[in-house]
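So the sequences go chain by chain: A and B. So in our numbering, spot 56 of the first sequence is number 354, and the numbers just go up one at a time. So in our numbering, spot 59 of the second sequence is number 1427, and the numbers just go up one at a time.
Everything labelled a hint here was simulated from the structure, so no lab data went into it. Hints should not be assumed to be uniformly reliable.
Unchecked claim - With a straight-line cut-off of 25 Å between C-alpha atoms, the simulated DMTMM-like cross-links for lysine to aspartate or glutamate are:
#1 B:1531 / A:488
#2 A:482 / B:1559
#3 B:1562 / A:485
What the hints assert, rightly or not - Computed from the model, here is a short list of chain B residues facing chain A with C-beta under 7 Å:
#4 1525
#5 1537
#6 1544
#7 1546
From the three backbone atoms N, C-alpha and C, an ideal C-beta is built for every residue, glycine too.
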Amino acid sequence: MSIFFALMKRDLQIAYRRRSEYVISFMFLIIIISIFALATRGHDAKILSTIGPGILWSSALLATLLSLEQLFRQDYDDGTLEQIIVSQHPTALMVLAKLIVHWLVTGLPLILLFPVLALMVSVPDKVYWVLFITLLIGTPILSFVGAIGLALTVGLSRGGLMLAILLIPLYIPTFLFGLGAVAKAADGLDYMPNIMMLLGIFILWFSLAPILTATALKISLR
Amino acid sequence: MGIFKALWRVLVRFYHRCSSPPHFYAIAGKMLPWCVGLTLTLFAVGIIWGLGFAPSVSKQGEVYRIIYIHVPAATLSMLAYVFVTIAAAIGMVWRMKMAQIVAVSAIPIGTGLTLVALLTGMIWGHPTWGTYWEWNDPRMLLVFIMFLLFIGLVVINNAIEDKTTAANAIAILSISGLVTVPLIKMSTSDEFQKIVGKTIHQGQTEMFNKNQMTPEIAYIWLIMIFAFLLFFVTVLLMRIRNEILEREQNTKWVKEKIMS
Chain A
299 MSIFFALMKR
309 DLQIAYRRRS
319 EYVISFMFLI
329 IIISIFALAT
339 RGHDAKILST
349 IGPGILWSSA
359 LLATLLSLEQ
369 LFRQDYDDGT
379 LEQIIVSQHP
389 TALMVLAKLI
399 VHWLVTGLPL
409 ILLFPVLALM
419 VSVPDKVYWV
429 LFITLLIGTP
439 ILSFVGAIGL
449 ALTVGLSRGG
459 LMLAILLIPL
469 YIPTFLFGLG
479 AVAKAADGLD
489 YMPNIMMLLG
499 IFILWFSLAP
509 ILTATALKIS
519 LR
Chain B
1369 MGIFKALWRV
1379 LVRFYHRCSS
1389 PPHFYAIAGK
1399 MLPWCVGLTL
1409 TLFAVGIIWG
1419 LGFAPSVSKQ
1429 GEVYRIIYIH
1439 VPAATLSMLA
1449 YVFVTIAAAI
1459 GMVWRMKMAQ
1469 IVAVSAIPIG
1479 TGLTLVALLT
1489 GMIWGHPTWG
1499 TYWEWNDPRM
1509 LLVFIMFLLF
1519 IGLVVINNAI
1529 EDKTTAANAI
1539 AILSISGLVT
1549 VPLIKMSTSD
1559 EFQKIVGKTI
1569 HQGQTEMFNK
1579 NQMTPEIAYI
1589 WLIMIFAFLL
1599 FFVTVLLMRI
1609 RNEILEREQN
1619 TKWVKEKIMS
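Chain A extracted, bound-state conformation (with noise of 0.2 Å):
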């Protein structure tokens, strides 16, 4: 156990000395977060309010998608992935650190500013900590599903896009169980069905994608 704490410290202290590069994938997710919402300009006022959850989401499904390449690709470039994986240390218990550490520095910025992101898209009361569980619950599926597409392309020299195509798919349910809770909560209905089924989106993930990424891994490496 030690050397997965070992391990989230380092990745920890990589993130801080490298802080420009997570700063500017949060710029980004602003941006995105701006960009729509100047594209109900002209309009009345409601309809952002109306899709505020929705524009959230999105852009935190772009954000992560921008920044999951930080999740493996200096490791990959500088061979420290490598020596993971020769480790005596299951390769999947390494795979869940680097991935808490990942959605510390890529998800948690987001819960902790989002009554800032909340305002700029004037999410309505109603919805307001409800919005709030699913993007809880819902940033570290984010995480977790990109490991396995972000593991698949590491060795790959144009992975990039094609990353999103492959994630996309994989991303959808999560999207429809979250914002499927945010639009029953908006017109009074029983919504905890919606966050039990995330939860349990959650778990699966959380316990199946460090072992399929550690497989993915030692596929792309071999």
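Model the placement of chain B on the given structure of chain A, informed by the hints.
Relative to chain A, chain B alone:
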């Protein structure tokens, strides 16, 4: 019991023989003419009977006849996805070259069938539901996801040079997306609709329950499903033969086959 054991041994032997590309190439070559003939016959019978002579359903009129294409294509596309996943998983776990070839060959067929299911569904949806596409509908969305998954499989297969690596990547990706298939099946059930939202797509049982299903329609339907199944098998065998020739192009038996 003795008979079953003997039969089982024959099947296992056949399975092991099939794992050798030259043998599979020969067996597939012998099966192909039969498959082609049977597929064409079933298609001819099903389409002429279904589109020309079957009684029309009072509620929908003549447009219901697209069911003879839509339902088999949709069924087979889901089957194709599971088929690709199982074959690719076998290829990854037991490093069986033939299973990898089978998985890779089935992907484009599944993509095509899913596209056919989506397009016929849209054509059918416009006169009956008044809309070509509904983003809120879980079943349409899930089939669309499966289409995107197939596209992803095609893309990753083309992007990775090494054939074995590509097949293994296909296994990982298709396993990740496998949950979509049972979700498609479930998406017309009441429990699922309570969570995700109402679908306007009708379930399988609705057709049977409302007394719309005369025996004749059921027969044609079965014929068309078998026709599509055989179509899948036929095209799969053709594609596998091509794939084998391409992969084994440097071996002696392929050179002899081409030269003779």
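Here's how the hints hold up against the structure:
| no. | hint | verdict |
| --- | --- | --- |
| 1 | B:1531 / A:488 | 49 Å, violated |
| 2 | A:482 / B:1559 | 16 Å, holds |
| 3 | B:1562 / A:485 | 14 Å, holds |
| 4 | 1525 | 11 Å, violated |
| 5 | 1537 | 5 Å, holds |
| 6 | 1544 | 5 Å, holds |
| 7 | 1546 | 11 Å, violated |
Comparing the model with each earlier hint shows violations of hints 1, 4, 7; every other hint is respected.
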